[in-house]
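Student: Letter by letter, the chains look like this.
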Amino acid sequence: MRPRDTFTPEQERELEALDRALLGEPVEFELRELEELVHDIRATAPQMRPAFAARLEHELREGFPAPREQPSRVRGVRRRWILLPALGSLAAVLVALVVVVGGDRNDATSTLAGEATQVPGKGASRSAGAAQDQAASAPSAARSAPVAQPPPAAVDVAPSARKVQRSASLTLQTPAGDFDRTVADVQARVASFGGIVAGAQIGESDAHGGEATFDLRIPTAKLDGALAALAKLGDVTERSQSIDDITGSFASARERLADARAERRGLLRTLERATTQAQIDSLKARLRSVGGRIAALERELASLRRRADLATVTLSLRGTGQRGATGGGQWTPGDAASDAVRVLEVVAGVALIALAVLAPAALLGAAIAIGVRTGRRRRREAALDPA
Amino acid sequence: MAPPLNTSTESFDALYRDCARDLYAYVRTLLGDDAGAEDVTALAFERAYRRRETFDPGRGSRRGWLFGIARNAALDELRRRKRSAPLVGDLPDETAPAPDEEADLAIRRTTVRAALATLPPRERELVALKFHGGLTNAELAGVLGTSETNAATRVHRAVSKLREACNATA
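Top to bottom, those sequences are chains A and B. The numbers in the first sequence follow my numbering, run straight up by one, and end at 387. The numbers in the second sequence follow my numbering, run straight up by one, and end at 1170.
Hints listed in this document are in silico derivations from the structure and should not be mistaken for laboratory results. Glycine included, each C-beta is placed from N, C-alpha and C at the ideal position. Do not take every clue at face value.
Estimated spans, in silico, between C-beta atoms of each pair [what the hints assert, rightly or not]:
{"id": "1", "chain 1": "A", "residue 1": "372", "chain 2": "B", "residue 2": "1018", "range": "26 to 36 angstroms"}
{"id": "2", "chain 1": "B", "residue 1": "1053", "chain 2": "A", "residue 2": "365", "range": "18 to 28 angstroms"}
{"id": "3", "chain 1": "A", "residue 1": "51", "chain 2": "B", "residue 2": "1106", "range": "42 to 52 angstroms"}
{"id": "4", "chain 1": "B", "residue 1": "1033", "chain 2": "A", "residue 2": "372", "range": "27 to 37 angstroms"}
{"id": "5", "chain 1": "B", "residue 1": "1051", "chain 2": "A", "residue 2": "338", "range": "18 to 28 angstroms"}
{"id": "6", "chain 1": "A", "residue 1": "8", "chain 2": "B", "residue 2": "1010", "range": "42 to 52 angstroms"}
{"id": "7", "chain 1": "B", "residue 1": "1010", "chain 2": "A", "residue 2": "333", "range": "55 to 65 angstroms"}
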């Protein structure tokens, strides 16, 4: 159907009259000229020779037994073009498999990379890798981390004196048959990094394979290595880290301690000069009060130092499958479901990566195909141009 | 509705009977000689027959599909010859009116031939597709690889020139 707004009404009429004349239908009187033109041109149409018509009809009846054209190299090339999308798909799937398999090989690392580190006070998150960098250079990390403590300028603390408290949480899964050995390994590895097991709750169950929760203290400087070593004891199902800048609290406690000590020195000097019993009693009472404050502040400072020096790690260990089974337990319907989910995840990942590769390839292929087709058409039609 | 080509050889037969003469007239107009036109017409039918399973009714009519195949074959033949199509006016006058036909009819046809000869080859081809092939503008668009509007515009322009040429010749 012609868009009506493209032609003038007169052109519309002429085109419609032409179509009617070509169909052998009558046209309006003023456009009879077109009808005559159709008749005249059709009357001049070249006619088939009867011999050719008979030969062609014979060939048609026989189903064109003698091909006029042999498959040429060009046609062969054209057929190979058809294979390009298939080859592209194959390449995309291979790339996807390499990515997925490569990712599985470093499952602990890749899981870590996908996690976020919570910074208390602001609820902000950043990648674990960034968090580890922060821990390695605590001063710069503390500067960039949004924390609930007063800003650095307010506490007037040198960057090198920054105090950061780190904590981490790790959940591991291990086959029920390996549960006891893994519990022992946890303690050994913690000790090898100079850490301590501050508390542990270990429960065993034939039905569930056992569960244990460890409250660990690990030297902050060795936290990353210890976490990596602990992660190798099982399948990491959950992992998180947090960083708390306690520089403000530390500096404040230290200043208050210095003030209290100065106050005590002043009181002692005044006591030496005291002349009356009343003055002496009053000064001694104030000295006791200041002494109590100093002791409390010293405890507070020690606690803050411990928090900065020792990271808190909560390790949850879960045994899966039934205990007593060899080789990591029997393969249960739960395992099957878990495997099925994993397979679906991998398939979805492969499909996604394949789509990411194929979509641009398909667009490019379509553009090339259109270009080739247009070029071929133009080359053909150039034959109609005068030599 | 005609059965799909890929399910019926009889259907291809029907297409052949419906289009053979028109297709030959179009190819003959394009190439300008009987031998070439016969070869290309036969080649076009052979190609169409072998590819009949690839015909997609959703992309156009069977007639348009067949004329598209014939056009490609004819243009390839023209390229092979390294020359453009000879003018229709150069063709032997096979359709001269019989002695008993009226004189004015003979004059009109001579005029039309002369007018067709003045058209550029692309417009002459368009006239052949429209008048000999009997293609609708939608079918023309499919054959020429353009829009239906553009095909209609080109048809109107060619017919207008043809009418002017006829009037000038007359």
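Student: All hints are to be evaluated individually against the structure, with a verdict given for each.
Tutor: Quick rundown of the hints versus the structure:
1. A:372 <-> B:1018: 26 to 36 angstroms: The hint (26 to 36 angstroms, Cβ to Cβ) holds, given that residue 372 of chain A and residue 1018 of chain B are roughly 32 angstroms apart.
2. B:1053 <-> A:365: 18 to 28 angstroms: Check passed, 24 angstroms falls within 18 to 28 angstroms.
3. A:51 <-> B:1106: 42 to 52 angstroms: violated (27 angstroms)
4. B:1033 <-> A:372: 27 to 37 angstroms: holds (31 angstroms)
5. B:1051 <-> A:338: 18 to 28 angstroms: violated (52 angstroms)
6. A:8 <-> B:1010: 42 to 52 angstroms: holds (45 angstroms)
7. B:1010 <-> A:333: 55 to 65 angstroms: holds (59 angstroms)
Hint check: violations occur at hints 3 and 5; the rest are consistent with the structure.
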